[in-house]
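**Student:** Spelled out, the chains give:
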Amino acid sequence: MPKILIVDDEDSIRFLYRQELEDEGYEVVEAASGEEALRVLEENPDIDLVVLDIKMKAMSGLEALQHIVKNKRNLPVILCTAYSSYQDDFSSWLADSYIIKSPDLTELKNEIKRLLKKYGRL
Amino acid sequence: MSLCWLKDKVTPQECIGVDPEREKELLSNRMLRVKKKCINCPKFFMDLSSISPEPKLEIIKALPDVASDSEALPFDEARRRMESFLFALSSFKDAVDIERVIHSALVILTSGEGFGFNRAIFFTVDGDKLKPVYALGPKSQGEGVSVWRYMEASNVGVRELVNRPEIMKSDTERLKELFPALAIPLSQEHPVGRAFMDKRPAAFYYHHGKDPEVYRIMTALGVTSFGILPVWSEDEPLGMFLVDNVVSMSPVDERRLKVAFDFVNAVAVAVERAKLYHELKGKIEELEEAKSEIEKQQKLILNMEKALSLKEVSSRIIHEIRNPLTIIGGLVARMLKKGEYDIKSLEIILKEVKRIDEILKDIDVYNKSVKPQKVDTDVKYVVKETVRRLRKKYPSLKVELSLPKGKLTAFLDPTHLSKLIENAVINAYEAHVKKGVDEVISLKVAVEGDRLIITVIDRGGGIPEEIRHKVFEPFFTTKEDGTGMGIPVMAVIVKEHGGDLEIENVDGGACVRIALPLK
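Residue numbers (numbering that gives the first Met the number 0), protein chains in the order written: chain A, 0 to 121; chain B, 0 to 518.
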């Protein structure tokens, strides 16, 4: 069962995603900030994929992304944001995928499936 | 460079110390010449100073045995003179004060240890003329009053003289009468002007007095011979030294004048440097003033000009609403799919709906803040009412109100004023709550000149360094249920009233300072 880390500072978003992803059969762990995410990754080396929010209060998602990529090369990361303009920021290219938040989570779920397959976790 | 003092034979042109008529033998007798003349010659001193950074006494010692010869100047005397000369030379080499440079140059031109002219006058370039400004030497032969007499009488040496430019000032004062007659046009028409334009030293003698212009100068100076030393820097005229022998009345020695010219060129360098120094100093002062101005402005930690443009605000609105919509839509979709609802999801949905509502309300206020409806307002009444309302809404709110005595009226929008106070006080209150302290918020109203000053101070720990630049951004917030509009709204209100908003960290908390024009 693939393990997914959800990083977002909004409780409600994490709640929603957890519900949806657990329904899909994934195991879910959460982090409410960039720093927490790095900690959780340390403690859970078996995480298969990260869903990462960009605009967070302290450490921005992009910063966290750089740390994650530095430490774990083979870990797929999906940047998930309410902004549409970060695609212009080159550091966002470090991520495997870029999703704009919407009430319809189909796109997010499809991307998760695609990347897990690509990285051989499914 | 010809080192005449190293040559066995010199011509009269090469040696300025030897009288070719009466001391002919010295021209071919190096030993004697050095003992009698070189060690007292300014060219010798100058050569030494340009050879090495310091006078090398070894060089002197390597010269023919001076000490034992009674005909020669005593060695100590020679050394003393040389040291004085070199001291004067070095003092102006390092000087950055133009007056000091000129003063030292005048000392060297007129001292026995130096070139030994009786008098030297420095001219500066003033428009299209050379005009005298500084002088060292007596006013006339008869007068004899001059620093040199004083020095002889009181044994003041060159060293001391160099350090006392006021002596130059007193001689200059005495000679001021002569100055108007000495103005020299920078033109080829004038015999002296022409020589100056040639950039070369020139000596003028009795027969030159046939020209009325030269005659005028000689009469004013009271001499029948004088020399000029033009000071140029590349193609720019800097000034001129005029030398004469008003006491001894002897004609100016051209050879001596030539060596003095070399010396004066060094003065040109020093003057340039002094000018440059002053220019740089001026520029540095300007820059430092500008820097402190900038620093003053930066003390307004947060620049309220940062209130974002409407376009930026709308994209932020989109972003802010997207999150709640994602949540609401996602949860509703889930419940529809499962065919059942759960209480938790419904509660979250409601919370997010409220959130969107708050955002829209604040946007509304933000928009309304743009156009103030100004009236004559009883400031104290508005403040007291606002505080009363806030105390009712937040029972644990502690505010210490400080108002000026008497009636206080200002021409502004009372609703906006109330909003300013409300936002500032609520921010302070929330900071206290977050930090968990039970502190008093200080709200002070005062008048400073033509402005109304409202200060709100809290003890909530202040604004952290990392986010200080962000607090003016709409929707930026570190609070759980904050909308991030409190300060941006204040900024717009204040801006529309033509006032100032400053937010600073003070010990243990933050200080919000609102300044509004009274009229």
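Do not take every clue at face value.
As the list claims (entries may be wrong) - Going by beta-carbon spacing under 8 Å, a handful of chain A positions derived as facing chain B:
hint : residue
1    : E9
2    : S11
3    : Q18
4    : Y25
5    : V27
6    : A81
7    : I98
8    : S101
9    : P102
10   : D103
11   : L104
12   : E106
13   : K108
If you are wondering where the hints come from, they were derived from the structure by calculation, not from laboratory data. For every residue, glycine included, the Cβ atom is placed at its ideal position computed from N, Cα and C.
**Student:** Now, for every hint given, state plainly whether the structure supports it.
**Tutor:** Consistency of the hints with the structure:
The beta carbon of A/E9 is positioned within 8 Å of a beta carbon in chain B (closest approach about 6 Å), and the interface hint is therefore held. Annotation: A/S11 was flagged as interfacial toward chain B, and the flag holds, the nearest CB pair being 4 Å apart, inside 8 Å. For the restraint placing A/Q18 at the interface with chain B, the shortest Cβ-Cβ distance is roughly 6 Å, inside the 8 Å limit, so the hint holds. Annotation: A/Y25 was flagged as interfacial toward chain B, and the flag is violated, the nearest CB pair being 15 Å apart, outside 8 Å.
Hint on A/V27 is violated. Least Cβ distance to chain B is approximately 15 Å, over the 8 Å limit. Taking 8 Å as the C-beta cut-off, the interface hint given for A/A81 holds, the closest approach to chain B being about 4 Å. Among the interface hints, the one on A/I98 is violated; its C-beta lies about 11 Å from the nearest C-beta in chain B, farther than the 8 Å criterion. Checking A/S101 against chain B: minimum C-beta separation of about 6 Å stays under 8 Å; hint holds.
Annotation: interface hint on A/P102 holds; nearest CB of chain B at approximately 2 Å, less than 8 Å. Interface restraint check for A/D103: the shortest CB-CB distance to chain B comes to about 7 Å, inside 8 Å, so the restraint holds. Because the smallest distance between the Cβ of A/L104 and any Cβ of chain B comes to about 6 Å, under 8 Å, the interface hint for this residue holds. Because the closest C-beta pair between A/E106 and chain B is about 12 Å apart, greater than 8 Å, the hint is violated.
Of the supplied interface hints, the one on A/K108 is violated, with its beta-carbon coming no nearer than about 11 Å to a beta-carbon of chain B, more than 8 Å.
This entry does not satisfy hints 4, 5, 7, 12, 13, going by the numbered hints stated previously.
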